[in-house]
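Student: Position in the sequence shown (first residue = 1) + 356 = the numbering used here.
The hints are simulated quantities; they were obtained by calculation from the structure and are not laboratory data.
Hints are not guaranteed to be accurate.
As the list claims (entries may be wrong) - No farther apart than 20 Å at their CA atoms in a straight line, the calculated lysine-lysine pairs in the PhoX-like style are these:
(1) 419 / 408
(2) 430 / 419
(3) 408 / 430
(4) 419 / 444
Claimed, not checked - Computed Cβ-Cβ distance ranges for the label pairs, DEER-style:
(5) 377 / 405: 28 to 36 Å
(6) 404 / 444: 29 to 37 Å
(7) 426 / 460: 30 to 38 Å
(8) 416 / 444: 17 to 25 Å
(9) 406 / 439: 12 to 20 Å
(10) 440 / 406: 16 to 24 Å
(11) 377 / 460: 27 to 35 Å
(12) 388 / 457: 15 to 23 Å
(13) 390 / 416: 13 to 21 Å
(14) 382 / 416: 13 to 21 Å
(15) 460 / 440: 29 to 37 Å
(16) 427 / 460: 30 to 38 Å
(17) 377 / 404: 32 to 40 Å
(18) 442 / 393: 15 to 23 Å
Idealized CB from N, CA, C, for every residue including glycine.
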Amino acid sequence: MNRILSPLLAILVLGANPVGAADRAAGETKVKEVCQACHGLDGNSQMPDYPKLGGQRQDYLAKALRDYKSGARKNPIMAGFAGTLSAKDIENLAAYYAAQPPVLMVKH
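Input sequences plus hints: build the corresponding full structure.
Tutor: Below you can see the structure in the form of structure tokens.
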């Protein structure tokens, strides 16, 4: 019995993504479609009016998008964009931007 369970357990633990795991590649595709114009591909917008998302915590980014979508967080531009996103899109976008390097901004 152990000879069967041990390899099966190893495959499950080492070879599989967690159920519901975010897909960064799908997140990048959605960023290119929806977010890049304002926030940049890497989440580090060159425009000072748009927040830098690169390197932010994944849970924070996902919650912010869910809150824009539900109206709990107010911003008419973001509400419009977030309103088009599925729950999976939100998780994928958050994972993608969280994996990007942050940029430190220093004001002189």
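Student: All hints, please: hold or fail.
Tutor: We went through each hint and held it up to the structure:
{"no.": "1", "hint": "419 / 408", "verdict": "holds (16 Å)"}
{"no.": "2", "hint": "430 / 419", "verdict": "holds (13 Å)"}
{"no.": "3", "hint": "408 / 430", "verdict": "holds (18 Å)"}
{"no.": "4", "hint": "419 / 444", "verdict": "holds (13 Å)"}
{"no.": "5", "hint": "377 / 405: 28 to 36 Å", "verdict": "holds (33 Å)"}
{"no.": "6", "hint": "404 / 444: 29 to 37 Å", "verdict": "holds (31 Å)"}
{"no.": "7", "hint": "426 / 460: 30 to 38 Å", "verdict": "holds (32 Å)"}
{"no.": "8", "hint": "416 / 444: 17 to 25 Å", "verdict": "holds (18 Å)"}
{"no.": "9", "hint": "406 / 439: 12 to 20 Å", "verdict": "holds (18 Å)"}
{"no.": "10", "hint": "440 / 406: 16 to 24 Å", "verdict": "holds (18 Å)"}
{"no.": "11", "hint": "377 / 460: 27 to 35 Å", "verdict": "holds (29 Å)"}
{"no.": "12", "hint": "388 / 457: 15 to 23 Å", "verdict": "holds (18 Å)"}
{"no.": "13", "hint": "390 / 416: 13 to 21 Å", "verdict": "holds (18 Å)"}
{"no.": "14", "hint": "382 / 416: 13 to 21 Å", "verdict": "holds (20 Å)"}
{"no.": "15", "hint": "460 / 440: 29 to 37 Å", "verdict": "holds (32 Å)"}
{"no.": "16", "hint": "427 / 460: 30 to 38 Å", "verdict": "holds (33 Å)"}
{"no.": "17", "hint": "377 / 404: 32 to 40 Å", "verdict": "holds (34 Å)"}
{"no.": "18", "hint": "442 / 393: 15 to 23 Å", "verdict": "holds (20 Å)"}
The structure is consistent with each of the numbered hints, conforming to all of them.
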